[in-house]
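Protein sequences appear in the order of chains A and B.
For what it's worth, the working numbering labels the leading residue of the first sequence as 1, then goes sequentially.
For what it's worth, the working numbering labels the leading residue of the second sequence as 1, then goes sequentially.
Hint data in this document are derived by calculation from the structure and do not stem from the laboratory.
Residues on chain B that point at chain A, a partial pick, calculated with CB under 7 Å:
1) N50
2) L55
3) D56
4) K83
5) F88
6) H94
7) I96
8) E98
9) M107
10) P108
11) L110
12) Y111
Remember, it's a predicted structure, so these values are computed and weren't measured experimentally.
Built from N, CA and C at the ideal position, the CB exists for glycine as well.
In case you want the letters, here they are:
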Amino acid sequence: MFKNYLKVALRNIWKNKVFSLINVIGLSIGLSAALVIGAMIYYDFTFDKFHQEGDRIYRVTSEFTSAEGNFYNSGVCTPLAEALKTAATGIEMVSPFFTNAPYRVENREMDKVFMEPRNVIYTDGDYFKIFNYNWLFGDGKTVLSGPNEVVLSENRVKKYFPGIAPNKVVGKMLVYNDTVPVKVTGIVKKFEDRSDLIFEEFISIRTLGTEGIQQMIGDNWNSTSSASQLFIKLEKNAAVVPIQKLLEDLAREHRDKEDLVYNQGRIFHLQPLNDLHFNTDYGTFDYNRSQASKPVLISLACVALFLLLLGCINFINLNTAQATQRAKEIGIRKTLGSSRKQLVFQFLGETFLLTMAATLVSLFLSSWLLRLFADFMPEGIGFGLFGSPVLIVGIIMLLLALTFLSGFYPALVLSYFKPVSVLKNQILPGNDKGSLRKYLTVFQFMIAQVFIIATLLVGKQIHFLMTQDMGFKTSAIAYVQTPYNERSMDQKLRFEAGLKAIPEIQTVALGGNPPASRSTNSRGVIYRDGEKEIYSELQLLFGNSEYQKVYRLKLLAGRLPLNDTIHEYVINSTFMKNLGFKEPQEAIGKRLGEGKSSYAIVGVMADFYQRSLRTNIKPMALIGDWSRDQYSQFDTFHMVLGDDASTWAAAMESIEKVWKSVYPEYDFDPRFMDDTVKRFYEQERKTSVLLQWATGLAILISCMGLLGLVIHTTERRTKEIGIRKVLGASLVQLNLLLCKEFLILVGIAFAIAVPLAWWGLNNWLQDFAYKTDLSWWIFLLSGIVMLLIALAIISVRTMVAANANPIKSLKTE
Amino acid sequence: MILQLKNIFKWVQQGGQRVFLLKDINLEVAEGEFISIMGPSGSGKSTLLNVIGMLDDFNEGEYNFLNESVHTLKEKHRANLYKQYIGFVFQAYHLIDELTVYENLEMPLLYKKHSGSERKAMVADMLDRFNIVGKKDLFPAQLSGGQQQLVGVARALIAKPKLILADEPTGNLNSKQGQEIMALFKELNKEGVTIIQVTHSEKNAEYGKRIIHLLDGRQLKHAG
Ligand SMILES: Nc1ncnc2c1ncn2[C@@H]1O[C@H](COP(=O)(O)OP(=O)(O)OP(=O)(O)O)[C@@H](O)[C@H]1O
Ligand SMILES: [Mg+2]
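Let's have the full structure, built from the sequences with the hints guiding it.
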């Protein structure tokens, strides 16, 4: 039986090569997208799933509430750990850790120095009780209990002690930050499974001492640093609610008086371990990688789903369209004793063969796609993921689901034929089935249409963002940050002198971050005007007098600060308006702050965008290096290069030479302001590329389906075309006749797609503070694009049909 | 008695009116009979044959087949009944184009769950009997009309039915080919197979032991 089915199936597939090909290609495109996206989703959802009792592990985080909105911090104030240890029942383990890395590691014995090691934490032994590491040497139960101990990962051992066997490394010394000697007491393996706990070096927290902690992090209830974090593990069967309650109580008990005044508050949250990977409020520990985002994954999954659906629709449409051709076989089989069930299985089997073929094709396609999109995806995603049992089972399930989805309806339709009517050649293509096909085609084109509109609009928005004047000069500006640990002014001055000697550099400024950047520095300030009191969060921009020239910041009134360290504000006009001034001139001379720390506003500058155009312009002030004695904020050099870009390479080389002479130990990492601005829109550009692909594929699949239907219709209507032609219809008339049917469908799809797309894109645009218009011409253009594509596809085929010699077609009928 | 039709009516609704396709048909067929149905085009011959073959419904009357009352049976039972006892031969042969002669012959057996070796033997038997061993790997399109109908008859016979229904089996054949098929039917009938055929040719009708005449869906009484 099976063999018989298989034979018929293969011969049928072969006989209808074009349709089979359309089906397989359409499905395999959808499937490849699904496989790639599935791999991405699988990858991101399998982080930190392997920890024993991982569902009992939480990170404690802070949320600050205020009138201006809520702010999130992945850290907690340091006393919280101790409070939890003593007060709480239901908590099995409390492990605080600090993520401030030392800036220098030295292996004195071998005379090796390593700068700015990454993935280092200060923690205590409980960390290793919460998380089970594989110990190569040392004992996870007692380690890190004393000061001056460190546990290294296998990789770190290789790096710090090259050529020494790991068992000899235990007991050896490292020196941190020139002065702190630390003994290696354990070696662990990094987690082999996917994990966000990427730490490689664990220094005992007691090494810092209370004083160290106080200096580095602060040790009171009111200072929160994201570097001071806390993991806890609950007891078995312990409820979360009472612990949450305890955290609330602690927050209330230690509430700052000022917070009360300004109606600000703090909430401690228990963040489950499996939330770590996705929660962008708190982030992970790997700052090099943009965080996985559930909304992005969900929209990707939707894209995959749509593409799969489109492929399935082709299948359904083409198979039901061909029903008449299969009808005879069905009738015969039925009179010979086949039951309906057997027929359904037969047709499902045929579909299965095709989906199998599509799956094989898509495995190749997706391995290619994975390589193509390597830039878009985290490093760990590759074809190798498909070896995991979960994904294999997933693919098989998908295969079965697809078979069912695309094969079941045609099988039902086909097997429903009554043998007698089939054999009497009575089945006219039933009206109801024809209309389902129409609905599905409309659905296909609607999706393709929505994709086209979205692509156009996202492209327009990106163009708008990138070409929008930021309000300051962004072209031909490079900046370089001096090493974090080399803060001496002398070095900076030497570097500046070196820069000024380079002829390609027109202006050099010293300051903090550029006017627009990802990192911000802000503080709360109070402005008193008689009885009125205005409290505001003020972003600070640090720069000397040249800074304003480099970036061409426009001064609306007043002047720049008199020198680098004098305490004077140059505020932006947003802040000026917030303070209640209409004219810039009115703000000059007013003072911000109270008592000893109140300083004058000496200038007002024009607004500019401090970040991407997604965010609103915030109150801001340009100030000098006020606390140069304790901590200089001037750590970045900003340079104006000539307008001729061809000279920049040479300029950069000269700058690097100067750098190497002043900071020989550090890497030279210059940036261009243009690139920085571009990077703000990385997410949008990724979205755009993705959309372009999705659109292309959606159009491709839909048009293949359309082509199939057109072929089918024209074949069915060959006789009619012949007769009409003999009766004198012109080519154009014939074409019109044949196209009309399909163009109406495309038109309906457009009518449905427009409001859908409008609604979706309007939502998307809400994320941006500054947005392009949802212009009508986008919709019109996309409609025309779709129409032209459909018309091209249709007329290729109808031309052939209309051109055919009528005598021939009539004869063969 | 193999089957009995009592007061069978069949009609379709057309423009609010009943158009009768069969009117008050009464027929008893004994085992081993060879019946020819005749009548002008459009008189309802095919319709009657399809009703007998249970491929088509009727609206009124009783139909008993081997002591089962067909009109009360469910679709599935009915399918089982004709699957087991009835073989069809069609004017247009109705072979499956995608299968070879051998596979076409094998197909009814597949639906009846015969074992592989059994099927092989039965198909070989039929090929032998109809002298088409040499054609077994050809597709229907590669055969002449007569040969195709030969295969059609062979296929109808292979599952050893009690009753063969043939709707103008020679309609597409030349007279010599037609004679051959008729001779075959006669032989089969001798072996005990009941046959009901529809035909337009007086000569072919003579092969039957009884002739039923239809006119406008009604049976002409005098025949015999
Ligand atoms: N589903 C139907 N709806 C309406 N009329 C039908 C239907 N099926 C058959 N008829 C009509 O019933 C009549 C009998 O048809 P049938 O096919 O039985 O004729 P026939 O005797 O086999 O003719 P022929 O010798 O040409 O094959 C015809 O007039 C036909 O038009
Ligand atoms: Mg007929």
